[in-house]
Amino acid sequence: MPDRACTSCDSSPAKAVSATGLAVSGSVGRACGGREASAVARAGRLPLLRRLSQLAMLAGLGQWSFYGIFRCPFIVPYVSCQNCPVLTCHGRILSLFWGAWLLLPVSALLVGRAYCGWACPGGLVSQMLGKLAPVKARVRNAFTRIAPLGAYLALIGCLYVWFAMGQPRGNIPIRTGEFFGAVSLTFEHAGLLWLVRTGIVLTLVALGLGVANFWCRFACPTGGAFEIVKRFSLFKVYKTEACNGCDKCLKVCEMGTRPEETACTNCGDCLDSCPQGAIGFGRKPS
Amino acid sequence: MDDAHHGHGRRHFLKKLAGTAAVTMAGGLATMTAHAQPGAFPGKLLQVWSCGGLAEAMNPANEIYEQRSGARVSYTGAFAAALGKSLLGGSTTEVFAGRVLDLARKLRHSGKMLYFKPLCFTSYVMVTPRGNPAKIASIEDMAKPGIKVVLAPEASPPGGAAALAVLKKAGIQDAVMKNCVTQGSCVQRTMDDIISGHGDVSIVELRVTRIPQFEGKMDVVEIPEALFPPPPLTFTIGVMKDAKDRALADDYVTFMTSPEAQALLEQRGFIPASSDKGRTLVEKLGVKDA
Chain S
0 MPDRACTSCD SSPAKAVSAT GLAVSGSVGR ACGGREASAV ARAGRLPLLR RLSQLAMLAG
60 LGQWSFYGIF RCPFIVPYVS CQNCPVLTCH GRILSLFWGA WLLLPVSALL VGRAYCGWAC
120 PGGLVSQMLG KLAPVKARVR NAFTRIAPLG AYLALIGCLY VWFAMGQPRG NIPIRTGEFF
180 GAVSLTFEHA GLLWLVRTGI VLTLVALGLG VANFWCRFAC PTGGAFEIVK RFSLFKVYKT
240 EACNGCDKCL KVCEMGTRPE ETACTNCGDC LDSCPQGAIG FGRKPS
Chain F
0 MDDAHHGHGR RHFLKKLAGT AAVTMAGGLA TMTAHAQPGA FPGKLLQVWS CGGLAEAMNP
60 ANEIYEQRSG ARVSYTGAFA AALGKSLLGG STTEVFAGRV LDLARKLRHS GKMLYFKPLC
120 FTSYVMVTPR GNPAKIASIE DMAKPGIKVV LAPEASPPGG AAALAVLKKA GIQDAVMKNC
180 VTQGSCVQRT MDDIISGHGD VSIVELRVTR IPQFEGKMDV VEIPEALFPP PPLTFTIGVM
240 KDAKDRALAD DYVTFMTSPE AQALLEQRGF IPASSDKGRT LVEKLGVKDA
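Sequence lines, in order, name chains S and F.
Numbered by numbering that gives the first Met the number 0, the letters in the first sequence go through residues 0 to 285 in order.
Numbered by numbering that gives the first Met the number 0, the letters in the second sequence go through residues 0 to 289 in order.
Just chain F, same shape as in the assembly (with noise of 0.2 Å):
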């Protein structure tokens, strides 16, 4: 019973010991890999692709990336739908930033892709010209008569259709509908519209305010997160199938990952899935790899 106890008991301890080795060492390996050796992959080519709407805050990243890893990246930023699309058919990439949680997990599924992870969130906001003329304060107000709404229905989702989606959410559509002097199909054109005083309210994702040439020249105005349509708010990042230098491919995703990447993210205006509220939103929406 003692050898036995004993036995036991040195198996527990030598099982402990390997366990807190093991962890430590995959701390060890995670946090190096985090922190890539200067020049770890000298001459390596990555083909990055991402939904387009994480090109500001991508094309940074990725110079320090490089600059870090003696990698390039060869990225493409465009409409993730059409990406995945393509993905679906016959195109191939090494890491894949989409967003929309569905298209992660059909690519999972389709065993295009190997294993994907939260990147980070985005949220909408109001947008009124500077100095908020017609007094908007909240959603109710896109609905009162007379005020003049800019929005872009006809443009690539998610930015006409998530627009529409939180009125409809807060019960207002047809009502702000008739306020609507401009029905665009350009977010970009529609934030122009608000600048130049030609609409005095629209709704648009928060990261679109922090584009360089629209920073700081219109007011934003929050909208409660209830009204958020869930499909469109999470962006995922994922090591396809065809990843020809499987570390390097991790190791960028790793770094994207990386508090220094995410705090990009956040500078562009995205919920950093590594912030505590990105891992509220990570549980609340289930963003799991399957």
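This is chain S alone, in the form it adopts within the complex (with noise of 0.2 Å):
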């Protein structure tokens, strides 16, 4: 934890006010008084409620999206369930899942790229995996600047796959069957289109064994979609003119960035963070 050496209540920067309930103020830091304290306790709990939210997430979402990767027939997966012939899969059983696509957007208004962060359960393996990446990449450099724009990159690709192509169907589905035997059926007799964009999906996600989160930073298209909605967002994490850049965050975010920036998915993780207390979770003080 950051040192807590008091100075004043007075001499603390702007707190976030927050909408959800969850928001704390930047300046834990330097709390003190019964109120910094809960605050500090309430960003204590935040990682911990970050994973149990991305826990039954996964529970709700798990299985669709693994599906998605190594049972989709299409070449873009997860949008063409109304069509799919793989019974077993939560998105073709469940219009629900379907219709959550809608849902996407509207969180992306709401609270930015925080559907990554605290409910993709891609994102929870990525970051699991980025636990054991030697390569953390938390620092501002040519590469973290230019390589997040992968995840446009692929946004182009799967809107072509989608639009110019009519999004075909790459491989011979498995319309029931158990998960690992029906995968290793879908590898043997899938077109070559399929087993390509599965190939490069994969290897992207165990690139985040040496970069952390590779994939969600660099090369996920619904991440890229994401970035280009969020900056309208009613709610985020946000820095302060008091931000003197020192990259505290920066050293914390598993995302390697720094609130507002690319690729920051409003986790949460930074906000006890910052000693300048310029970091909020809100409505952005204007």
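Please keep in mind that the hints were generated in silico from the structure rather than gathered at the bench.
Where is the CB? At the ideal position from N, CA and C, for every residue including glycine.
Mixed in with the good hints, there may be bad ones.
[What the hints assert, rightly or not] Some, not all, of what chain F presents toward chain S, calculated at C-beta under 8 Å:
hint: 1; residue: Gly-76
hint: 2; residue: Ser-155
hint: 3; residue: Asp-191
Mind docking these for me? Both chains are given alone in their own frames, and the hints should help you get the complex.
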């Protein structure tokens, strides 16, 4: 935990106003008194809450998520569930899952990329792999500035496959069957396009073992779409003018970024990291 | 002579009696097997592969069988040719219900399948949007100028190839292809085009119109049976040599050919092998174990 040397309550920088009850003051690094202690406690609970949220979403969306990568017959997964012959996939069973896509833009307008940090099962896997990665890439350099453009390229690729190629079906769907056996059969009989797509995705996810969160930061097309929308989001983790660029927030961020900047998922991990109290969550004070 | 005559008569009587007893016992055993005692195979696991087209019918049938037998069915439904290729290679399963008679014969000749029985047959129909706005009444109507035809020639067989074979047999393939507004790679997307009115007509298996998400959402126009391409019509079910519990595998096959399971197949748009029509097709197409 950061140094908690008390200065003065009055000296606390502007605090974020919570819209959701989860917001905490960026001043907790120098907090004092009951209110600040409470904020510290809340901030300490936040990562735990986030992991619980991710696990809950893994239970709900996990099967759909992994079927999308390994068994979805379409080149762009998750978006053709209404036509999918894979009977055992949750995206096929419950139209609710397909409808979930309609909620994503709404969530992006409300809380930016929070879905990536709080809900996406793929994000959870990526973050767990990132724990093992020797390269965290929590620096600001040419690579970390340019590589996130990969997510936009992936998004363009998906849109091309969807609109220009008519979303072709790339494998022989295993309509039903136990997961691993069916995955094995899928790989055995899939078309080249599907194998290339799946190989690229798995390679990029596996790169997360070397560079933390490689997929989420530099390759995820959904993340790329969120990046475009998030600038209009109502609530966000933000930094105020009090920021002196010390980059302590960058050092704790799994995505190797700073509030409001590219790849910030509003996860909140940085909320108690700022010695200047320059980080908050909610509506950014104008 | 008399003794001999009597002896012959006695032997004849005893043989007849023994034969009758054997037939009766076999019939009784078959009946007992067809209606397996509840929980006859508790805790046993049976691996079943089938053509994916059967999945909507086999899933509920499997549930009934599991409740009845106490066994668990590990079921995989996928493109039969792919599964067949795997089985002819190194993969194994205990029961296989495949499409195309030649596949079952290949598995039998390779020694990987112990026996097979006819299971059911498929048929092809034209589908139109509700109300049939283009007034499609016969296969020839698909060739009329201005008719918007939806096909999926790139769909995994028989989805695309069979429809083209029907048109070829009808002698209208070229004219119909000129009317094609969509040539997709997925039969299920074809159905969406018809339901939404994007197309006037398509050719699909009757079973596709019984898939819950499509059922009742389009009109169905029959196609003369003479135009059906024979190879994809036949589904068989057989026990594989890798069956760990032969009695369980036999019992499952007996159940799937029983009136109860055959009725489920009929509900899902298949012609049951045990029906009058099915028996005719068994003879016509020569669906006999070899």
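Going down the list of hints, with the structure as the test:
Taking 8 Å as the C-beta cut-off, the interface hint given for Gly-76 (chain F) holds, the closest approach to chain S being about 4 Å. About 6 Å separates the beta-carbon of Ser-155 (chain F) from the nearest beta-carbon of chain S, less than 8 Å, and the hint is met. For Asp-191 (chain F), the suggested interface contact is upheld, since its CB lies about 6 Å from the closest CB of chain S, less than 8 Å.
The structure agrees with every numbered hint stated previously.
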